[in-house]
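Novice: Here's the letter readout for the chains.
Number of protein chains: 6
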Amino acid sequence: MATLGFIEYADALPEVRAVYDDIMATRQTDYINNFWKAIAHDPATLKRTWESVKQIMAPGALDPLIKEMVYLAISSSNGCGYCIASHTAAARKAGMSDTQFAELMAVVGMANETNRLVSGYQVEIDDRFKV
Amino acid sequence: MATLGFIEYADALPEVRAVYDDIMATRQTDYINNFWKAIAHDPATLKRTWESVKQIMAPGALDPLIKEMVYLAISSSNGCGYCIASHTAAARKAGMSDTQFAELMAVVGMANETNRLVSGYQVEIDDRFKV
Amino acid sequence: MATLGFIEYADALPEVRAVYDDIMATRQTDYINNFWKAIAHDPATLKRTWESVKQIMAPGALDPLIKEMVYLAISSSNGCGYCIASHTAAARKAGMSDTQFAELMAVVGMANETNRLVSGYQVEIDDRFKV
Amino acid sequence: MATLGFIEYADALPEVRAVYDDIMATRQTDYINNFWKAIAHDPATLKRTWESVKQIMAPGALDPLIKEMVYLAISSSNGCGYCIASHTAAARKAGMSDTQFAELMAVVGMANETNRLVSGYQVEIDDRFKV
Amino acid sequence: MATLGFIEYADALPEVRAVYDDIMATRQTDYINNFWKAIAHDPATLKRTWESVKQIMAPGALDPLIKEMVYLAISSSNGCGYCIASHTAAARKAGMSDTQFAELMAVVGMANETNRLVSGYQVEIDDRFKV
Amino acid sequence: MATLGFIEYADALPEVRAVYDDIMATRQTDYINNFWKAIAHDPATLKRTWESVKQIMAPGALDPLIKEMVYLAISSSNGCGYCIASHTAAARKAGMSDTQFAELMAVVGMANETNRLVSGYQVEIDDRFKV
Numbered sequence: 110m111a112t113l114g115f116i117e118y119a120d121a122l123p124e125v126r127a128v129y130d131d132i133m134a135t136r137q138t139d140y141i142n143n144f145w146k147a148i149a150h151d152p153a154t155l156k157r158t159w160e161s162v163k164q165i166m167a168p169g170a171l172d173p174l175i176k177e178m179v180y181l182a183i184s185s186s187n188g189c190g191y192c193i194a195s196h197t198a199a200a201r202k203a204g205m206s207d208t209q210f211a212e213l214m215a216v217v218g219m220a221n222e223t224n225r226l227v228s229g230y231q232v233e234i235d236d237r238f239k240v
Numbered sequence: 110m111a112t113l114g115f116i117e118y119a120d121a122l123p124e125v126r127a128v129y130d131d132i133m134a135t136r137q138t139d140y141i142n143n144f145w146k147a148i149a150h151d152p153a154t155l156k157r158t159w160e161s162v163k164q165i166m167a168p169g170a171l172d173p174l175i176k177e178m179v180y181l182a183i184s185s186s187n188g189c190g191y192c193i194a195s196h197t198a199a200a201r202k203a204g205m206s207d208t209q210f211a212e213l214m215a216v217v218g219m220a221n222e223t224n225r226l227v228s229g230y231q232v233e234i235d236d237r238f239k240v
Numbered sequence: 110m111a112t113l114g115f116i117e118y119a120d121a122l123p124e125v126r127a128v129y130d131d132i133m134a135t136r137q138t139d140y141i142n143n144f145w146k147a148i149a150h151d152p153a154t155l156k157r158t159w160e161s162v163k164q165i166m167a168p169g170a171l172d173p174l175i176k177e178m179v180y181l182a183i184s185s186s187n188g189c190g191y192c193i194a195s196h197t198a199a200a201r202k203a204g205m206s207d208t209q210f211a212e213l214m215a216v217v218g219m220a221n222e223t224n225r226l227v228s229g230y231q232v233e234i235d236d237r238f239k240v
Numbered sequence: 110m111a112t113l114g115f116i117e118y119a120d121a122l123p124e125v126r127a128v129y130d131d132i133m134a135t136r137q138t139d140y141i142n143n144f145w146k147a148i149a150h151d152p153a154t155l156k157r158t159w160e161s162v163k164q165i166m167a168p169g170a171l172d173p174l175i176k177e178m179v180y181l182a183i184s185s186s187n188g189c190g191y192c193i194a195s196h197t198a199a200a201r202k203a204g205m206s207d208t209q210f211a212e213l214m215a216v217v218g219m220a221n222e223t224n225r226l227v228s229g230y231q232v233e234i235d236d237r238f239k240v
Numbered sequence: 110m111a112t113l114g115f116i117e118y119a120d121a122l123p124e125v126r127a128v129y130d131d132i133m134a135t136r137q138t139d140y141i142n143n144f145w146k147a148i149a150h151d152p153a154t155l156k157r158t159w160e161s162v163k164q165i166m167a168p169g170a171l172d173p174l175i176k177e178m179v180y181l182a183i184s185s186s187n188g189c190g191y192c193i194a195s196h197t198a199a200a201r202k203a204g205m206s207d208t209q210f211a212e213l214m215a216v217v218g219m220a221n222e223t224n225r226l227v228s229g230y231q232v233e234i235d236d237r238f239k240v
Numbered sequence: 110m111a112t113l114g115f116i117e118y119a120d121a122l123p124e125v126r127a128v129y130d131d132i133m134a135t136r137q138t139d140y141i142n143n144f145w146k147a148i149a150h151d152p153a154t155l156k157r158t159w160e161s162v163k164q165i166m167a168p169g170a171l172d173p174l175i176k177e178m179v180y181l182a183i184s185s186s187n188g189c190g191y192c193i194a195s196h197t198a199a200a201r202k203a204g205m206s207d208t209q210f211a212e213l214m215a216v217v218g219m220a221n222e223t224n225r226l227v228s229g230y231q232v233e234i235d236d237r238f239k240v
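In order, the protein sequence lines correspond to chains A, B, C, D, E and F. Its first residue numbered 110, the first sequence is counted upward by one per residue in the working numbering. Its first residue numbered 110, the second sequence is counted upward by one per residue in the working numbering. Its first residue numbered 110, the third sequence is counted upward by one per residue in the working numbering. Its first residue numbered 110, the fourth sequence is counted upward by one per residue in the working numbering. Its first residue numbered 110, the fifth sequence is counted upward by one per residue in the working numbering. Its first residue numbered 110, the sixth sequence is counted upward by one per residue in the working numbering.
If you are wondering where the hints come from, they were derived from the structure by calculation, not from laboratory data. Careful: at least some of the hints might be erroneous.
If several chains are the same, the list does not tell them apart, and a pair holds so long as it fits within one copy or across any two.
Unchecked claim - Pairs of lysine-lysine, DSBU-like flavour, derived with a Cα cap of 30 Å: (1) K202 with K239; (2) K239 with K156; (3) K239 with K163.
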């Protein structure tokens with residue numbers, strides 16, 4: 110389950126239901142995934158986290174598919190099993206193909222490799238890259 | 110500098126020069142950045158790393174700008190100063206606007222936040238997300 | 110199980126039993142959790158680790174509840190499933206309420222978010238914060 | 110400096126000034142630190158991040174000193190230089206003594222050590238710790 | 110299973126079979142482990158990753174046992190469950206004893222501890238260690 | 110400098126001097142590096158950390174050079190600048206050649222790459238690797 114268990118819609122406080130309603134309306138689904146039900150024990154965190162995610166993941170200068178893929182990339186790099194599973198689903202729903210997934214993972218792997226080569230070799234920043 | 114110092118073109122072995130030449134030709138520049146000059150002490154690693162980067166970052170199902178932005182996202186998440194500086198430059202060269210950069214960072218920050226909420230709350234994977 | 114399996118009290122060497130005895134006496138329990146039984150194959154590591162934990166987690170300028178919550182915070186940030194489970198139990202035993210847990214997680218999440226915004230935006234340290 | 114540079118109060122848009130004003134009022138200072146000036150290029154992220162920090166770090170079931178120390182603990186664990194410097198200052202302002210700092214670091218170090226022993230030894234979660 | 114499932118030898122494309130054949134010949138086994146079958150959906154990544162691993166893990170200035178132990182050390186530090194399990198097996202096959210495993214883990218744990226003490230205490234690099 | 114500054118031998122308490130003396134005797138040097146001088150403000154942590162390092166890094170089933178290289182590998186993977194600098198020096202003093210360094214870094218980079226491919230592809234552990 111989860112440390113504090115899950116809060117189902119039927120058992121939720123009005124302020125939690127309001128967030129659940131907005132999640133379902135925004136995502137055009139009748140499903141609330143476990144993450145939200147786990148943090149709903151803290152209504153302030155639930156509301157703040159959802160509103161942040163909603164704002165950040167909306168279409169902007171980057172389209173939602175790209176944002177979902179970046180989210181999946183970070184989650185893969187951090188090794189967060191739940192996050193990888195849920196954002197793989199979300200990215201696919203947003204249109205990610207298997208080939209795009211594979212290319213994304215190749216970049217994630219490569220970046221993690223060269224990040225460590227740079228650290229280990231103590232590479233100094235080129236003057237032209239300094240801000 | 111770097112642990113083993115930098116190898117300049119003039120001092121490089123033929124197999125190192127061949128990689129430097131390919132980097133400059135592929136990137137249409139006459140500049141070799143410090144990373145390559147630092148790892149050139151190990152020609153096998155230099156060649157392997159460059160060929161991997163070249164293959165992975167080429168246009169495919171994801172375009173090069175997106176790939177550079179994912180590279181920057183991972184480097185930011187890992188806190189690799191050199192990598193952030195060099196891939197910010199590379200992403201800008203590939204067309205990243207300041208607004209795209211800011212949206213990218215917002216996703217990176219958010220993913221790192223929710224990854225830890227998920228771990229700390231011990232959220233179980235929804236059946237529908239399981240592979 | 111664990112890479113080397115678990116060493117039960119009945120099968121333990123005298124120096125391992127001595128550590129087990131001290132864990133049970135210090136914690137006022139008759140239960141040895143899996144972590145200690147897994148590393149008991151290396152009596153030097155068992156003894157050193159237990160003595161360090163015992164010293165560090167004792168009451169001092171910070172009380173044991175705060176120390177357990179920091180331990181849980183770090184474990185959540187690192188995504189160590191076993192550590193999160195065991196230190197959630199320990200923090201609760203030391204008096205952590207559900208509300209304290211939720212506030213702790215909110216700080217852990219936020220710190221992980223802003224840590225990456227800082228890295229990605231390459232923010233320079235303010236002179237007044239330099240040591 | 111920072112990737113996009115710093116936005117000073119005199120040059121800020123009204124919505125950025127409003128956040129700066131709230132930071133100064135809340136913290137009872139006339140100083141805006143570099144982090145906020147670096148992310149002010151994205152007013153939505155500035156506002157969202159500040160409001161989240163303000164909500165999370167306010168007194169609650171945990172007092173502000175403890176929250177600042179947890180923030181510092183996570184930043185130390187992540188190796189974020191800017192965050193360590195700024196939150197050391199913030200924790201001290203909230204009352205952290207040198208002895209509390211030293212005990213905090215001891216817990217951070219120990220947790221990072223045992224987190225890896227647990228992973229490497231592949232320790233299975235005790236039934237009594239499962240949620 | 111895995112995000113894209115596993116590709117078995119019987120169902121594999123010729124270029125995938127060629128890599129599988131080389132893995133089995135190099136490792137003198139008739140077993141292909143899940144990692145390779147999971148990434149085989151992207152033949153370019155499969156081929157590149159295998160050739161890199163083969164080159165890097167071959168005998169050189171460091172012998173293969175040491176290399177496998179370093180691989181296991183990094184995987185333990187990163188908390189990658191699959192990697193820990195598979196590289197524990199590989200290191201044992203290369204000759205790692207239980208005592209060597211235990212000493213390796215002690216170093217991994219200690220390094221993770223002092224890495225954070227260094228960060229948290231903001232220790233400046235000694236002049237004599239600068240490159 | 111460091112958060113609490115450095116404690117020089119001349120200004121040290123007797124229990125700190127005793128540790129400094131043992132470091133110098135064990136390492137056959139008259140130099141105390143900054144790490145120890147930074148944590149000496151907390152004599153208990155200084156003593157505990159030094160005794161742990163001394164025990165762990167001593168010759169055993171793994172020789173000191175291998176242990177220093179593993180320490181450097183972890184520090185590079187974690188991106189700890191101070192630790193990389195100081196353990197590069199220590200590993201060289203213990204006999205690490207430039208070629209061994211380069212091979213070590215290649216393994217560190219590769220492990221970090223495949224750790225993320227494994228996570229991102231959600232690869233299930235092979236039955237034969239389970240403990």
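Novice: Could you work out which earlier hints the structure fails to respect and list their numbers in ascending sequence?
Specialist: Violated hints: none; all satisfied.
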